[in-house]
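For the sequence shown, position 363 (counting from the first letter as 1) is numbered 1210 according to this note's numbering, and the numbering increases by one without interruption.
It should be emphasised that the hints constitute simulated quantities derived from the structure, not laboratory data. Heads up, some of the hints might be wrong.
Lysine to aspartate or glutamate pairs mimicking EDC-like chemistry, simulated, CA-CA at most 20 Å apart [claimed, not checked]:
| no. | residue 1 | residue 2 |
| --- | --- | --- |
| 1 | 1093 | 1113 |
| 2 | 1093 | 1117 |
| 3 | 1163 | 1087 |
| 4 | 1163 | 1144 |
| 5 | 1163 | 1136 |
| 6 | 1132 | 1144 |
| 7 | 1132 | 1190 |
| 8 | 1163 | 1190 |
| 9 | 1071 | 1086 |
| 10 | 1132 | 1175 |
| 11 | 1093 | 1077 |
| 12 | 1132 | 1117 |
| 13 | 1073 | 1091 |
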Amino acid sequence: MTLSHAIPDNDRPPPVRAVFSAVTWKEIAYLLSNLPLAVVGFVYAVVMVSTAGGLSVTAIGIPLLACGLYLSRQWGRLDRARARGLLGVRVDEPTPIPGPKRSGGFFPWLWTSIKDPVGWRTVLYQLIRLPWGVLTFTVALTGLFVLWPVLPYLVRLMANVDRAMVRGLLSPSDDLERRIAELESDRGVVVDTAAADLRRIERDLHDGAQARLVALAMGLGLAKEKLLEDPEGAAAMVDEAHGEVKLALKELRDLARGIHPAVLTDRGLDAALSSVAARCVVPVKVVVDLPGARPAEAIEGIAYFVVSELLQNVSKHAGPGTRGATVEVWRAGARLMLRVSDDGRGGASAGGGSGLAGLAERLGAVDGVLVVDSPAGAGTVVTAELPWRDRG
């Protein structure tokens, strides 16, 4: 994931026009509303800081300061919404401060709230806004009557200063805070994926091996009752039960292989992926170039799962013209690279709702990337990238 502070093209200020366009009128409204909001914000910031500072020697001063910074954060949200609606400035919302329970108690939460950089920058924004609000209100109001030929240029200049102030003082603290927000989102993906895997395992056990074992128990009970009266019939039922046991064991082995195959733990990706490739409906060539190194178990498991899912897609969507597929695994610096390609009909997409989209989410949860190149009629190449983490 690449983080950048660059301003996207659709977020840049519009070009200056001598006429009063809709954008110009929005900017005038923003500049005129600066003064009343700046007065309220300035008074609040001065009263909050002076009161909390004066009471800091008492037991209520520090909690009062924490609450004041929290309210400053909410004021910053109002200013971001106003800038978004009238100036077209889109600024990400800062990461909320966790409550006392999630912070480990009241005092850790209090310390985090007091040193909150977003709250303090919002207070600074409120303090410096008053003189600027007086200037912008005066120029905009006066210009509507006596400077209207050049007013669009003056308005654009002052609005651009406002845009810079909003981006500089009301945006999230830095790349670290953006990274925290991304990690919180990725954590939700991991939790959802784990819950879905547990539901799948429960369903497979309930509908497969469990149902077969229940039928096996009933069959053995009937055979026990017939053992003295009809030995030949009981023997036939025992023989049938023996076949059911074999099928149940096969289903359990398949289920265990889908969770984490033993061959992956014992022999690594090369042997495990070769085993998966042998079950594909088309010939698969496996090339694993990891000389003398194995990634961490979690990364190795995700790599196995990704390749297994991609080969299942090959088996499912392989057309009559598909002659084979290739699996390549190698290490590139601090990344583990996977590539699965086939010469089928192509047209695969990682759009929302597809299996490839689910794989992309699972990889994104561990800082991975999934790239799909699948032109119609020209085969499919899926490249996955995972962070390399040393084992143990």
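Quiz item: What hint numbers does the structure not satisfy?
Solution: 1, 2, 3, 4, 5, 6, 11
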